[in-house]
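Peer 1: Chains A and B, in that order, give the protein sequences.
Here the first sequence is numbered in my numbering, starting from 9 and rising by one per residue.
Here the second sequence is numbered in my numbering, starting from 53 and rising by one per residue.
The hints are simulated quantities; they were obtained by calculation from the structure and are not laboratory data.
Just to be clear, a hint being listed does not mean it is correct.
Quick list of the computed label-pair ranges, beta carbon to beta carbon [unchecked claim]:
(1) B:PRO234 <-> A:ILE14: 41 to 47 Å
(2) A:GLN58 <-> B:ALA196: 37 to 43 Å
(3) A:VAL24 <-> B:GLN293: 49 to 55 Å
The model shown is predicted, which means the values in this text are computed figures rather than measured ones.
Even glycine gets a Cβ: it sits at the ideal position worked out from N, Cα and C.
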Amino acid sequence: MGEYAIFVWPCYIAVVVLLTGLCYQSWTSKRKAEAKLADLKDQLQHLETQED
Amino acid sequence: MHKFANPARFLRISKIITPWCFIITAVSLAVGLYWGLFVAPEDYQMGSAYRIIFVHVPSSYMSMFAYGFMAIASAVGIIWKHPLADQSARAAAPIGAVFTALALFTGSLWGKPMWGTYWIWDARLTSELVLLFLYFGYMGVWEAIEDRAKAARVAAIVALVGALNLPIIKFSVDWWNTLHQPASIMRSGGASIHPDMLYPLLICIFAFNLYFVTVVLWRIENLIVRRQIRGLQIRLAEERQENG
Numbered sequence: 009m010g011e012y013a014i015f016v017w018p019c020y021i022a023v024v025v026l027l028t029g030l031c032y033q034s035w036t037s038k039r040k041a042e043a044k045l046a047d048l049k050d051q052l053q054h055l056e057t058q059e060d
Numbered sequence: 053m054h055k056f057a058n059p060a061r062f063l064r065i066s067k068i069i070t071p072w073c074f075i076i077t078a079v080s081l082a083v084g085l086y087w088g089l090f091v092a093p094e095d096y097q098m099g100s101a102y103r104i105i106f107v108h109v110p111s112s113y114m115s116m117f118a119y120g121f122m123a124i125a126s127a128v129g130i131i132w133k134h135p136l137a138d139q140s141a142r143a144a145a146p147i148g149a150v151f152t153a154l155a156l157f158t159g160s161l162w163g164k165p166m167w168g169t170y171w172i173w174d175a176r177l178t179s180e181l182v183l184l185f186l187y188f189g190y191m192g193v194w195e196a197i198e199d200r201a202k203a204a205r206v207a208a209i210v211a212l213v214g215a216l217n218l219p220i221i222k223f224s225v226d227w228w229n230t231l232h233q234p235a236s237i238m239r240s241g242g243a244s245i246h247p248d249m250l251y252p253l254l255i256c257i258f259a260f261n262l263y264f265v266t267v268v269l270w271r272i273e274n275l276i277v278r279r280q281i282r283g284l285q286i287r288l289a290e291e292r293q294e295n296g
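Construct the complete structure from the given sequences, taking the supplied hints into account.
Peer 2: Take a look at the structure:
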């Protein structure tokens, strides 16, 4: 790549880092929300069985 | 289309599609980037500096595609009050902003060895920078307005007004005298790139498209689940109040 390596490599590194980061953030955020929803559903079920 | 707009049905379909999209994205991105970096031949004028094309062109294309998606979803949200439309537009904004930032960053690193400068206020570069600010503005509206319905309406207007910038970006190189080269792939008369360079570029464009699909589906799922969480929290609070 010679003299242009200093321009080419940062571009590829930025693409890999930013796309991986956004992908990871989107996936973990979704998983956390799903876990919280499941927890809330359990709490609601528990309350409803207590009422019965 | 209305069938798929049901959030529960959307979640079911999305959970089937996204794992496959993710795998194909990862494989095609790895192949495209490797091909572009190590296999594609050097350009006779630009040498290896042209290899930035394999990340710059897909990023630039996706920056406009994501905004177009956002604008269409916003229009659907305003006209038909579709439950998923506003969520889809909101989910696409951060992805589009990342692609725009990448387009600007890779473009400036390509500009330095070719034009002798990282930045110049020419029409293509400036309109792409305006696109980044439009993404920030759109996301800012969602953060600033607490009432979700009102935030959706204002954000949709921002998205639709900002869509006027898309043809300006696309045709800026034809309308004005700019340093940026004119279109070399999507132009009448076919692509002007040799197949040895065109194929890895098309693979990268495909991978970036599929990346968008995967991540936007995850983000829409996230927004739907968060809405369900808000509903359940209210119900739980009511139940607890009833139970004393």
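Peer 1: Against this structure, judge whether each hint is valid.
Peer 2: Tested hints:
{"no.": "1", "hint": "B:PRO234 <-> A:ILE14: 41 to 47 Å", "result": "violated, 27 Å"}
{"no.": "2", "hint": "A:GLN58 <-> B:ALA196: 37 to 43 Å", "result": "holds, 40 Å"}
{"no.": "3", "hint": "A:VAL24 <-> B:GLN293: 49 to 55 Å", "result": "holds, 50 Å"}
Violated hint: 1 only; the structure is consistent with all others.
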